[in-house]
Amino acid sequence: MIKHHPSADILIDFAAGTLPVAQAACVSAHLNYCDCCRGSTEQLQSIGGVLMEQLVPVAVSESVLDSILARLDEPVPLSFIQQRVRHRRVDLPGLLNRIINGDFSQLAWKRVTRSLSVSHLQTGDDQREFALYRIAAGGNIPNHRHGGAEMTLVLEGGFSDELGTYHPGDFVFRDASDVHAPTAIDGEECICLAVLDAPLQFTSWQYRWLNPFLQLQAG
Amino acid sequence: MMDDKKQVEQRKTSWSAPTGRRTDEWSECLVLIGKTNDRAAFTRFFRHFGPLIKAFALAGSSLSQTHADELVQEVMLKVWQKADGFNPEKAAASTWIYTIARNCRTDMFRRLQKFDTPLAADDLSIELEDEEPFAVLHTRRGAARVKALMGQLPPDQAQILAKVYMEGKSHSEAAAELDLPLGTVKSRVRLAIQKLQVQMARV
Ligand SMILES: [Zn+2]
Numbered sequence: 001m002i003k004h005h006p007s008a009d010i011l012i013d014f015a016a017g018t019l020p021v022a023q024a025a026c027v028s029a030h031l032n033y034c035d036c037c038r039g040s041t042e043q044l045q046s047i048g049g050v051l052m053e054q055l056v057p058v059a060v061s062e063s064v065l066d067s068i069l070a071r072l073d074e075p076v077p078l079s080f081i082q083q084r085v086r087h088r089r090v091d092l093p094g095l096l097n098r099i100i101n102g103d104f105s106q107l108a109w110k111r112v113t114r115s116l117s118v119s120h121l122q123t124g125d126d127q128r129e130f131a132l133y134r135i136a137a138g139g140n141i142p143n144h145r146h147g148g149a150e151m152t153l154v155l156e157g158g159f160s161d162e163l164g165t166y167h168p169g170d171f172v173f174r175d176a177s178d179v180h181a182p183t184a185i186d187g188e189e190c191i192c193l194a195v196l197d198a199p200l201q202f203t204s205w206q207y208r209w210l211n212p213f214l215q216l217q218a219g
Numbered sequence: 220m221m222d223d224k225k226q227v228e229q230r231k232t233s234w235s236a237p238t239g240r241r242t243d244e245w246s247e248c249l250v251l252i253g254k255t256n257d258r259a260a261f262t263r264f265f266r267h268f269g270p271l272i273k274a275f276a277l278a279g280s281s282l283s284q285t286h287a288d289e290l291v292q293e294v295m296l297k298v299w300q301k302a303d304g305f306n307p308e309k310a311a312a313s314t315w316i317y318t319i320a321r322n323c324r325t326d327m328f329r330r331l332q333k334f335d336t337p338l339a340a341d342d343l344s345i346e347l348e349d350e351e352p353f354a355v356l357h358t359r360r361g362a363a364r365v366k367a368l369m370g371q372l373p374p375d376q377a378q379i380l381a382k383v384y385m386e387g388k389s390h391s392e393a394a395a396e397l398d399l400p401l402g403t404v405k406s407r408v409r410l411a412i413q414k415l416q417v418q419m420a421r422v
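For the protein sequence lines, the chains are A and B, in the order given. With this note's numbering applied, the first sequence corresponds to residues 1 to 219, in that order. With this note's numbering applied, the second sequence corresponds to residues 220 to 422, in that order.
By construction, these hints were calculated from the structure, which means they are not laboratory data. A couple of the hints might just be wrong.
To be verified - List of simulated lysine-lysine pairs, DSSO-like, C-alpha gap at most 27 Å:
| id | chain 1 | residue 1 | chain 2 | residue 2 |
| --- | --- | --- | --- | --- |
| 1 | B | Lys333 | B | Lys254 |
| 2 | B | Lys297 | B | Lys333 |
| 3 | B | Lys414 | B | Lys366 |
| 4 | B | Lys414 | B | Lys309 |
| 5 | B | Lys405 | A | Lys3 |
| 6 | A | Lys3 | B | Lys297 |
| 7 | B | Lys333 | A | Lys3 |
| 8 | B | Lys297 | B | Lys254 |
| 9 | B | Lys405 | B | Lys297 |
To be verified - Beta-carbon label-pair distances, calculated as ranges:
| id | chain 1 | residue 1 | chain 2 | residue 2 | range |
| --- | --- | --- | --- | --- | --- |
| 10 | B | Gly402 | A | Leu163 | 37 to 45 Å |
| 11 | A | Ala70 | B | Pro400 | 35 to 43 Å |
| 12 | A | Ala149 | B | Thr255 | 22 to 30 Å |
| 13 | A | Leu72 | B | Arg330 | 35 to 43 Å |
| 14 | B | Pro374 | A | Arg71 | 57 to 65 Å |
| 15 | A | Pro168 | B | Gln371 | 23 to 31 Å |
| 16 | B | Gln413 | A | Glu74 | 43 to 51 Å |
| 17 | B | Ser283 | A | Ala136 | 22 to 30 Å |
| 18 | A | Leu69 | B | Ser283 | 18 to 26 Å |
| 19 | A | Pro20 | B | Arg421 | 34 to 42 Å |
| 20 | A | Trp109 | B | Gly304 | 23 to 31 Å |
From the three backbone atoms N, C-alpha and C, an ideal C-beta is built for every residue, glycine too.
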């Protein structure tokens, strides 16, 4: 049972298509787990449909219709057919496919501390880092703050921090001011997807020397 | 083919019985396009939605007339190619075509800005499945309700929804354009969503 969801603002921006690509990918991954937010997203999209029908129409020339009619016999892209099979689709770009199918073995993991590794993924978003974090069983991410917003989705295992306990599918959004120290639970390793606007900054003196190694790897 | 049709018929009756919902003109049109490749139906659909897609393309964006026409073409071609996946039990025609237009516009913006991403907008959008739990499908009646309630929204709330959905502005861009604090924009949007009776998970 999913207990932690994106806020209304985030889901609305997602439904209206205004969320930056890295964040949209994280929300989309949450929807894969969450019936409730899938239902809300669908309703929020219907607002777009209603508003579009209320726009003042702008005339389209007949030549546009003619050129579309001339293209109707083009073969249908294979991906359109596959998409209908399930929402856990087989034709996703490698990155999301791996995330959704839980295949983390082929990724390049970089060790940050004894119990924390990170793997950066490319979304093309040059303002945000999109990465998987792997916390060893019982290990933690040292106390840190963020220079910007952090979106997290639990993929495997779970973690807890000062504010709660999170399991697969749970979505957590923290802004710049929050300081926290997530700890993996249940004696099993935890894998999370995180989207950061700014790099983590460790706040305790033992780890502060690592900060230069955590520069944002957007893209 | 026959079996598919039969299944659709069965689902239609089992769906419409409890709710009394009838499919609207454009949903029927999409079903015709999907099941029988009906070009006359497609032309009718184009004459209604083409000018709306063009208006959507030009709303609050820097797209030229040429790009707007190009967007109409892209969207309508997708309508033709994807129509047999349209299920009137699950989505209103207007919602269905809005998501296609939204995704095409996002991808076109990114193309024009040379923003290089492995993720197309379609890859991130969620299509509901036939075996969705009732709680998800239940929301399907939403479009008709939203349409009815939209007319009752105060103008300041309707204006911001239009900025976000039609002009594709984020909450903070809308705030800057309307010269309002971000908090005001967020609360107006939330109020509007409540009035439209969108059900959200508790965060
Ligand atoms: Zn959710």
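So, going through the hints one by one against the coordinates:
Distance restraint check for B/Lys333 and B/Lys254: the Cα-Cα separation of roughly 37 Å exceeds the 27 Å cut-off, and the hinted pair is therefore not satisfied. The suggested pairing of B/Lys297 with B/Lys333 holds, with an alpha-carbon distance near 23 Å, which does not exceed 27 Å. Note on B/Lys414 and B/Lys366: the hinted pairing holds, with a Cα-Cα distance of about 12 Å set against a maximum of 27 Å. For the hint pairing B/Lys414 with B/Lys309, the CA-to-CA distance comes to about 22 Å; that is within 27 Å, so the pair holds.
For the hint linking B/Lys405 to A/Lys3, the alpha-carbon distance of about 23 Å falls within 27 Å, and the restraint holds. Taking the CA atoms of A/Lys3 and B/Lys297, the gap is about 36 Å. The hint is violated against a cut of 27 Å. For a cut-off of 27 Å, the pair hint linking B/Lys333 to A/Lys3 is broken: about 38 Å separates their Cα positions. A threshold of 27 Å between alpha carbons decides the hint, and for B/Lys297 with B/Lys254 the separation of about 15 Å falls inside it, so the pair holds.
A threshold of 27 Å between alpha carbons decides the hint, and for B/Lys405 with B/Lys297 the separation of about 33 Å lies outside it, so the pair is violated. Between B/Gly402 and A/Leu163 the beta carbons are some 22 Å apart, a value that contradicts the proposed interval 37 to 45 Å. Between A/Ala70 and B/Pro400 the Cβ separation comes to about 51 Å, which falls outside the hinted range of 35 to 43 Å. About 49 Å separates the C-beta atoms of A/Ala149 and B/Thr255, a value inconsistent with the hinted range of 22 to 30 Å.
In this structure, A/Leu72 and B/Arg330 break the distance hint of 35 to 43 Å, their C-beta atoms being roughly 23 Å apart. For B/Pro374 and A/Arg71, the Cβ-Cβ distance of about 41 Å falls outside the hinted range of 57 to 65 Å, so the restraint is violated. Taken as a hint, the range 23 to 31 Å is violated for the pair A/Pro168 and B/Gln371, whose Cβ atoms sit roughly 40 Å apart. One distance hint, 43 to 51 Å for the beta-carbon pair B/Gln413 and A/Glu74, holds here, with the actual separation near 44 Å.
The hint said 22 to 30 Å for the Cβ distance between B/Ser283 and A/Ala136, and at roughly 54 Å that hint is violated. At roughly 23 Å, the beta-carbon separation of A/Leu69 and B/Ser283 lies within the given 18 to 26 Å, and the hint holds. Checked against the hint of 34 to 42 Å, the C-beta distance between A/Pro20 and B/Arg421 comes to roughly 25 Å, which is inconsistent with it. One distance hint, 23 to 31 Å for the beta-carbon pair A/Trp109 and B/Gly304, is violated here, with the actual separation near 38 Å.
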